[in-house]
Amino acid sequence: MIDTTNATSLLSGYRVLDLSSSMGAFCGKFLRDLGMDVIKVEPPRGDACRTEPPFAKGHANREGSLRFAYLNAGKRSVTLDITKDIGRKLLLDLVAHADVVLETFEPGYLAAHNLSYDALLDKQSKLILVSLTGFGQDGPYAHYKTTDIVGNAMGGLLFISGDPSMTPCNPPETQSYYYASLFASYGVMLALWQRETRGIGAWIDTSIQASMALHEHVAFNYSAEGRVMKRAGSQHQHNAPANLFQCKNGWIALFVSQNHWPILLKVWDDHDPALDDPKWLNSNLRRQHADYINARVTSFTMRYLKEDFAEMMQKNGIPGLPVNSPSDFMKDPHIEARGFFSPVTHPVLGTFQQPGNCFMVDGKRTGPSPAPLLGQHNDEVYRGELGLSTDELTTLAAEGAI
Amino acid sequence: MGPTNDILTGVRILAFTTGYAGPFAGRLLASYGAEVIKVESKKGGLDTFRHYGQHQDIDAAPRFIECNLGVRSLALNLKHPIGARLIRELAGKSDAVLQNFRPRVLDKLGLGDEDLRKSNPKLVIVKLPGFGTEGPKSSYGTWGFNLTAFSGITYLWNHPEQDRPIGSQGVYPDHLGFVMGPTMMVAALLHSRRSGKGVTIDIAQIEGTAAVLGTTYLESSVNGDDPKPKGNHYARAAPHGCYRCQGEERWCVISVRDDAEWRSFCRVIGREELVSDRRFANLAARLAHRSDLDAIVQQWTQAQTAETVMTKCQSAGVPAGVVQTGADLLKDAQLRHRNYFSPFTDSLIGPFEIPRSGFLFRRMNEEPLKLPNRFGADNERILGELLGYDKATIEQWRKGEVLT
Chain F
182 MIDTTNATSL LSGYRVLDLS SSMGAFCGKF LRDLGMDVIK VEPPRGDACR
232 TEPPFAKGHA NREGSLRFAY LNAGKRSVTL DITKDIGRKL LLDLVAHADV
282 VLETFEPGYL AAHNLSYDAL LDKQSKLILV SLTGFGQDGP YAHYKTTDIV
332 GNAMGGLLFI SGDPSMTPCN PPETQSYYYA SLFASYGVML ALWQRETRGI
382 GAWIDTSIQA SMALHEHVAF NYSAEGRVMK RAGSQHQHNA PANLFQCKNG
432 WIALFVSQNH WPILLKVWDD HDPALDDPKW LNSNLRRQHA DYINARVTSF
482 TMRYLKEDFA EMMQKNGIPG LPVNSPSDFM KDPHIEARGF FSPVTHPVLG
532 TFQQPGNCFM VDGKRTGPSP APLLGQHNDE VYRGELGLST DELTTLAAEG
582 AI
Chain S
0 MGPTNDILTG VRILAFTTGY AGPFAGRLLA SYGAEVIKVE SKKGGLDTFR
50 HYGQHQDIDA APRFIECNLG VRSLALNLKH PIGARLIREL AGKSDAVLQN
100 FRPRVLDKLG LGDEDLRKSN PKLVIVKLPG FGTEGPKSSY GTWGFNLTAF
150 SGITYLWNHP EQDRPIGSQG VYPDHLGFVM GPTMMVAALL HSRRSGKGVT
200 IDIAQIEGTA AVLGTTYLES SVNGDDPKPK GNHYARAAPH GCYRCQGEER
250 WCVISVRDDA EWRSFCRVIG REELVSDRRF ANLAARLAHR SDLDAIVQQW
300 TQAQTAETVM TKCQSAGVPA GVVQTGADLL KDAQLRHRNY FSPFTDSLIG
350 PFEIPRSGFL FRRMNEEPLK LPNRFGADNE RILGELLGYD KATIEQWRKG
400 EVLT
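The listed protein sequences derive, respectively, from chains F and S.
The first sequence begins at 182 in my numbering and counts up by one.
The second sequence begins at 0 in my numbering and counts up by one.
These aren't lab readings, by the way, just hints derived from the structure by calculation.
Possibly wrong hints are sitting among the right ones.
[Claimed, not checked] Some, not all, of what chain F presents toward chain S, calculated at C-beta under 10 Å:
| # | residue |
| --- | --- |
| 1 | Asp218 |
| 2 | Ala237 |
| 3 | Gly368 |
| 4 | Leu445 |
| 5 | Leu446 |
| 6 | Ala455 |
| 7 | His470 |
| 8 | Ile499 |
| 9 | His515 |
| 10 | Leu530 |
Where is the CB? At the ideal position from N, CA and C, for every residue including glycine.
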């Protein structure tokens, strides 16, 4: 079992103001996982992510969104209406004590509320502003509206996703948001390094489309070879068998390279002797005859449970793995032994298994924390850290700013 | 003129990488100024992508070039005792190590974490093993494709109610790994700079992959459900999906999230009477009559180009986007505006353009990307200038199969 206590926190001491919607929430989460203090600054009615499904059963309310619960795990929450003058001033006070501001507003929104990058720099001269939008801060599509599927479409991943006989198929959850969020996180790391070495802040302009367009060599293949990639289900472009194959109780993802092919034939002792022809050593030829090859391989995989087939392949050095459902994955002994999931207790949702950090530091993992309730840390942050008085807090509340 | 984006200038990273995720992580570090020294050997230690495709020249495999832009090359036989010794010396002159070999491959060569830290206690080590360094399946062979399957993503990446999984031909876990890798690398370097101590970071690619399915796992653990594939459906928007347009394999996605967007959309398609149609009165009603709605949308989209559909919808504030191909990306006006593609006019594989990064630094200058150095091109500089060996010694090692 892996030690999940006392893992080194890499970046404790840095503070992030997370003004993002669900588009950038995964960036805030990753920064939190790295040890930074991430304060979610929500409008008084709550971040829109709190209204997004899936919900915990019986909790279709602003504390019940599981998307919010995962993407905001470990963050603190304060409420603040930055469109009100009093709220804007309070945000600037927060900025003075922050290292990073993360935002996903439409380009120009912050400037229109007198919160431009320069206005923020006036409060914190080395500030790192990380903006994340569908297409970037300027350009012909800068004001285009984005959703996850729009990001995947415009970035080129959707066109190659799914079965060729069907409509292109979006991946689960909101992968284009997550992927852009990862790039934004890398941008923040670079900007912090720059701040340490050059003494300046930075404004990171992250684009969901630009992040997605790095996927799967789609752009490079066309530019370098004039090749337009198309949908092919799970069939690999250049190799066979490299696909999903049916087993007794499900499916296995199998990838048999040139080196693995003779090993597969050896393990598969009653294979069709026609497959022994040395010409089949050539992966490209096997790919050209993928239907022929795949049908024969299926006759073999069909005899096994997917877990047993995977085990047999791995014992022989062939990288097969079962196609798991999410709960299969959670129950896998390897994942359990690594302590990837641990229980957290949330005041509304109860106790449940949640992923901890997806990386280890010196062999130790930091386990998960619950997401904050709306405004849970108003008092702690505004009174305790900014030093506001009870009267000031009352005024803010009366004006609907917090 | 602002500062340039070569932020990591002065950071030296030794890279033991092969395939997609590890090398590309190195490329993303080199793109921002790090000196990334990739260590390979013709004695059984070449990056597998050097043989990808039909090229005989190991420097001319397109996919190798794509993943290793800006990276330097040290040809060194790690299985030779002198080779391993030179790496330990080099670790003393470096800030970090990046590696995606299987667990314990480097340890067996005398290049484990502690061996490397002897000459440099501040050394940062970032590893990207498929299944992690520990655990009953840590020796398993993994691949982006089968990690996707193991995580649950393949199962969910499908239209509803299908009798078989579809998934993707792609290697999403590699894409996650090659951004998480450099992110963790710089985070660890920041930590090491502050604390004066090195750290070892392990990013099991399977867990990096699972990190983008966390909401689904919560659905399973909180609600006790096993979530099913949703395809292009989304419970907070209708119409929401991918619609066929004029021409072969031309598609546009459209997301209508609320009543305001719905009213705009009805105007765009010239069907304002639908605004008062009770089947579509609000989001719940539109979701309930999704198939009627999809038929109406499809009828409109199929009569025009995907570009027209996108432009008309977006002009009215309705989220929409062309399902772009590789060819579309290269001529995309927005990506061009961002100077997204770095051009190469002269390379071993001819001219090409390549995506840079998901973000740019505003008010800063972007350095152009560089080609990978040829195999072994940096041997003399590294061993001579950096480690101080004379030409005769280097020549002797070259003949003695150390530098190969």
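Results of checking the hints against the structure:
{"no.": "1", "hint": "Asp218", "verdict": "15 Å, violated"}
{"no.": "2", "hint": "Ala237", "verdict": "5 Å, holds"}
{"no.": "3", "hint": "Gly368", "verdict": "4 Å, holds"}
{"no.": "4", "hint": "Leu445", "verdict": "13 Å, violated"}
{"no.": "5", "hint": "Leu446", "verdict": "18 Å, violated"}
{"no.": "6", "hint": "Ala455", "verdict": "26 Å, violated"}
{"no.": "7", "hint": "His470", "verdict": "18 Å, violated"}
{"no.": "8", "hint": "Ile499", "verdict": "7 Å, holds"}
{"no.": "9", "hint": "His515", "verdict": "4 Å, holds"}
{"no.": "10", "hint": "Leu530", "verdict": "6 Å, holds"}
This entry does not satisfy hints 1, 4, 5, 6, 7, going by the numbered hints stated previously.
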